[in-house]
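Chemist: Sequence:
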Amino acid sequence: DKHKYMILLPIFKVNGCTRIDDITRLSPEKIKELADSQGIVATIGLINRVHAYAMEDAARVKEMGKLS
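Numbering (the numbering used here), first residue to last: 1 to 68.
Just so you know, the hints here were simulated from the structure itself, not pulled from any lab data. Check the hints yourself; a few may be wrong.
[As the list claims (entries may be wrong)] Cross-link-like lysine-lysine pairs, in silico, DSS-like; alpha carbons within 30 Å at most: (1) LYS62 / LYS2; (2) LYS62 / LYS4; (3) LYS62 / LYS13; (4) LYS32 / LYS2; (5) LYS2 / LYS13; (6) LYS30 / LYS62; (7) LYS30 / LYS4; (8) LYS13 / LYS32; (9) LYS62 / LYS32; (10) LYS13 / LYS30; (11) LYS30 / LYS2; (12) LYS32 / LYS4.
Could you build all of it, start to finish, from the sequences and the hints given here?
Modeler: Shown next as C-alpha coordinates:
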(Lines of atoms letter the chains of each structure in order from A and count residues from 1; the text may use other names and numbers.)
(Lines give C-alpha, C1' and ligand atoms only; values in the text may rest on other atoms or scores of the structure.)
Protein backbone atom coordinates (compact mmCIF):
# COMPACT_ATOMS: atom_id res chain seq x y z
CA ASP A 1 0.00 0.00 0.00
CA LYS A 2 3.10 2.17 -0.40
CA HIS A 3 3.30 3.14 3.27
CA LYS A 4 6.79 2.99 4.73
CA TYR A 5 6.10 0.92 7.85
CA MET A 6 9.75 -0.08 8.14
CA ILE A 7 10.64 3.49 9.06
CA LEU A 8 9.53 2.59 12.61
CA LEU A 9 11.80 -0.46 12.87
CA PRO A 10 14.73 1.42 14.47
CA ILE A 11 12.41 2.71 17.21
CA PHE A 12 11.26 -0.77 18.11
CA LYS A 13 14.74 -2.26 17.79
CA VAL A 14 16.50 0.28 20.01
CA ASN A 15 13.75 -0.03 22.64
CA GLY A 16 13.87 -3.83 22.77
CA CYS A 17 10.50 -4.43 21.12
CA THR A 18 11.24 -7.88 19.75
CA ARG A 19 7.72 -9.32 19.87
CA ILE A 20 4.47 -8.06 18.38
CA ASP A 21 2.93 -7.72 21.84
CA ASP A 22 5.72 -5.31 22.82
CA ILE A 23 4.27 -2.84 20.31
CA THR A 24 0.78 -3.27 21.78
CA ARG A 25 2.09 -2.10 25.15
CA LEU A 26 3.05 1.25 23.62
CA SER A 27 0.47 3.88 22.84
CA PRO A 28 0.53 5.52 19.43
CA GLU A 29 1.45 8.75 21.23
CA LYS A 30 4.45 7.05 22.86
CA ILE A 31 5.57 5.63 19.51
CA LYS A 32 5.32 9.15 18.03
CA GLU A 33 7.33 10.54 20.94
CA LEU A 34 10.03 7.89 20.45
CA ALA A 35 10.12 8.56 16.70
CA ASP A 36 10.46 12.30 17.22
CA SER A 37 13.24 11.79 19.80
CA GLN A 38 15.22 9.78 17.24
CA GLY A 39 14.61 12.23 14.41
CA ILE A 40 12.35 9.79 12.57
CA VAL A 41 9.55 11.52 10.70
CA ALA A 42 6.45 9.33 10.90
CA THR A 43 2.90 10.55 10.59
CA ILE A 44 0.36 9.74 13.29
CA GLY A 45 -1.69 8.01 10.60
CA LEU A 46 1.15 5.59 9.88
CA ILE A 47 1.77 5.07 13.57
CA ASN A 48 -1.92 4.42 14.24
CA ARG A 49 -2.00 1.80 11.47
CA VAL A 50 1.09 0.02 12.79
CA HIS A 51 -0.33 0.02 16.31
CA ALA A 52 -3.73 -1.25 15.13
CA TYR A 53 -2.11 -4.00 13.04
CA ALA A 54 0.00 -5.02 16.04
CA MET A 55 -3.12 -5.22 18.21
CA GLU A 56 -4.91 -7.38 15.62
CA ASP A 57 -1.92 -9.66 15.08
CA ALA A 58 -1.28 -10.08 18.81
CA ALA A 59 -4.95 -11.01 19.36
CA ARG A 60 -4.73 -13.66 16.62
CA VAL A 61 -1.52 -15.11 18.04
CA LYS A 62 -2.98 -15.16 21.54
CA GLU A 63 -6.08 -17.01 20.26
CA MET A 64 -3.77 -19.71 18.90
CA GLY A 65 -2.20 -20.05 22.35
CA LYS A 66 1.22 -18.90 21.18
CA LEU A 67 1.35 -15.70 23.20
CA SER A 68 1.21 -15.52 26.96
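Chemist: Check the hint pairing LYS30 with LYS2 against an upper bound of 30 Å on the C-alpha distance.
Modeler: Holds. LYS30 to LYS2 sits at ~24 Å (cutoff 30 Å).
Chemist: LYS62 and LYS13: Cα distance at most 30 Å?
Modeler: 22 Å, holds
Chemist: Quickly compare the C-alpha distance for LYS13 and LYS32 to 30 Å and report which way the hint goes.
Modeler: 15 Å, holds
Chemist: Within a Cα-Cα threshold of 30 Å, do LYS32 and LYS2 meet the stated pairing?
Modeler: Status holds; Cα separation ~20 Å.
Chemist: For the pair supplied as a hint, LYS30 and LYS62, is the alpha-carbon distance within the 30 Å limit?
Modeler: Satisfied, since the Cα-Cα distance of roughly 23 Å is no more than 30 Å.
Chemist: For a C-alpha distance cap of 30 Å, please report whether LYS62 and LYS2 respect it.
Modeler: Holds, because 29 Å separates the two Cα atoms, which is no more than 30 Å.
Chemist: Is the straight-line distance between the alpha-carbon of LYS30 and that of LYS4 30 Å or less?
Modeler: Given that 30 Å is the threshold and the Cα spacing comes to 19 Å, the pair holds.
Chemist: Are LYS62 and LYS4 close enough, with their CA atoms no more than 30 Å apart?
Modeler: 27 Å, holds
Chemist: Given the hinted pair LYS2 and LYS13, is their alpha-carbon gap at most 30 Å?
Modeler: 22 Å, holds
Chemist: Could you grab the alpha-carbon distance between LYS62 and LYS32 and see if it respects the 30 Å cut-off?
Modeler: 26 Å, holds
Chemist: Are the Cα positions of LYS32 and LYS4 separated by 30 Å at most?
Modeler: Within the cut-off at roughly 15 Å; holds.
Chemist: Given the hinted pair LYS13 and LYS30, is their Cα-Cα distance within 30 Å?
Modeler: Holds, at about 15 Å.
Hint check: no violations occur; every hint is consistent with the structure.
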